[in-house]
Amino acid sequence: MIETYHRLVLRDKEGRVVRDTGKVRCRSYVLQFLQLLEGFFSNVTISAKDIAGASTTIHNRLNQGNFYGRTDAGAGVDTHGVLVGTNVGATPESNDNFKIDTQILHSGIGEAGKLNYQATTFVAPRVVGANIDLDVSRAFINETAGTITVKEIVIYCKNTADTKYHLLLRDVVADQAVLSGQTLTVVYTLRTTA
Amino acid sequence: MRKDSKEKANDVQLLLRLEVRDAQGRLISNTGNIKSKSFVIQWLEGVYSIFRGIAFNATDINNAETEINNGGGYGLSSCLWIQAGVDNGTYGIVIGTGTNAVTNTDYRLQTKIAQGAGAGQMSHGAMIFVTTAIVGANVDFVTKRTFTNNSGAQITVNEAGTYTYNAGHVAHPVHCIIRDKLAVGVDVPDKCSLTVYYTWRTTV
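Those sequence lines, one after another, are chains W and E.
Throughout the first sequence, residue numbering follows my numbering, covering 1 to 194 in sequence.
Throughout the second sequence, residue numbering follows my numbering, covering 1 to 204 in sequence.
If you're looking for bench data, these hints aren't it; they were derived computationally from the structure.
Here the structure is a predicted model, which means the values were calculated and not measured.
We put the CB at the ideal spot given by N, CA and C, even for glycine.
Take a look, some chain E residues computed to stay more than 12 Å from chain W by CB distance:
#1 GLY96
#2 ALA171
#3 ALA183
#4 THR195
Covered stretches of chain W, as calculated for chain E (at least 3 residues, CB under 8 Å):
#5 21-30
#6 131-142
#7 180-194
With the rest of the complex left out, here is chain W:
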C-alpha cells in the first residue's frame, strides 16, 4: 500500500510557524494516476482526461519517457506541480475529478487573489524509521494586501511533448487562511512500508 499524507505549514513573514496541520492521511488519487502508471508499465500510449476535459495523451510510448508525468514546476509556474485553489464550486473529491475546482493563480507582483508560486521541490525516497517516504512540496507566498483562503490542493502533471496537463491527486482540505505576508507550504508524502 502507498499511504499518502498532506501537510500544510503556515509561516509568518519572519518564517515562524503559525500553524502546522501535521501529516493528514488523504484520499487523493484520481483515475489519471493509474492511467499514467499503466502507460509506463505496459509501454503503451494512453489517453486520459486532461484538465480541459479533453482526452489527450498522458503517456506516448514513441516519445522519451521523461516527457510525461512531470510535476517539477519551477518558480512562477502555476500550470503543474502542486497547486492550490479555493474550491468555489464546492466540488467534492471523486475518482473521476480531472481538474482543480478553482485554482489560485500565480502572481509575482501581489495581484489580488493570487499567490506567489515557488518551485515544486522533492525529497528523494529514503528510509524514514520503518517507512520509505517521498516528499513533494511547494511554498506559496501571499504578497497581496488581503487574506486568501485555500480549500483544495492538487498535483498536476505535464505532458511536455504536447503541453497537456492531467490531474493526479486532489484533496479538499479544511479552510486555510493565508494572511498578507504569510507563506503556505503544502507537503505531499508518499509512503510505503514493508
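With chain W held as given, fit chain E onto it using these hints.
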C-alpha cells in the same frame, strides 16, 4: 507541533491474488485478494524519477546502483517496463520459493523461479493488463501473469513480486519494485498453472 492524523483513508492499494488450475483449467485453489504490503524502496524511486523527468539510480536485482529511469535517453519511452512476453522470466510479475520476511530495502526475490521446464522451473506466460478503469467505487489497474509447471514435480510458491526493465540502458538493468512473502505457500502441482494477479487500486 500537531500529531499526525490516523484518520482512516484510502491510498494506492495493491491486491495480490494467486489462482491455481489443473491442466483442464479447473480451479484448484484461489487465495482471493490479499492486501499486500509489498512495495520496496525502488518503487518510490521510480515514481520520483517520473515526477522529475530525470535519470535516477536505484539498487538493481544484482545489488548494483543502476538507472531505474534513464531520463529520456534512447528516444522512446523505455523505462519501468513490466510488459514481459512469453518465456521471458527477466521482468514483469515474478515468483519464487524464498521465505524470508519482506523489508523496505529488498532488491530482489529471495529465490526466484526461473523460466523453463526443468526441475524447479516454470514456464512464464506473457504479462496481461486490464486497462485502468473505474470499477464500482474504485479505480483498478490489473496486471497478471500465468506460470505453468512442467517440471515433473510440485513447486511451492512462497513469494511474488514485480520487476521493471530499463530497455533504454545498454546494460538493461532490472529492478524489483514489489516483493510479497506469502503467509501460506501456494502449491502448484506438475502440469498445473498458477496465475498471479496484482491489482492496483485507488479509491476516493
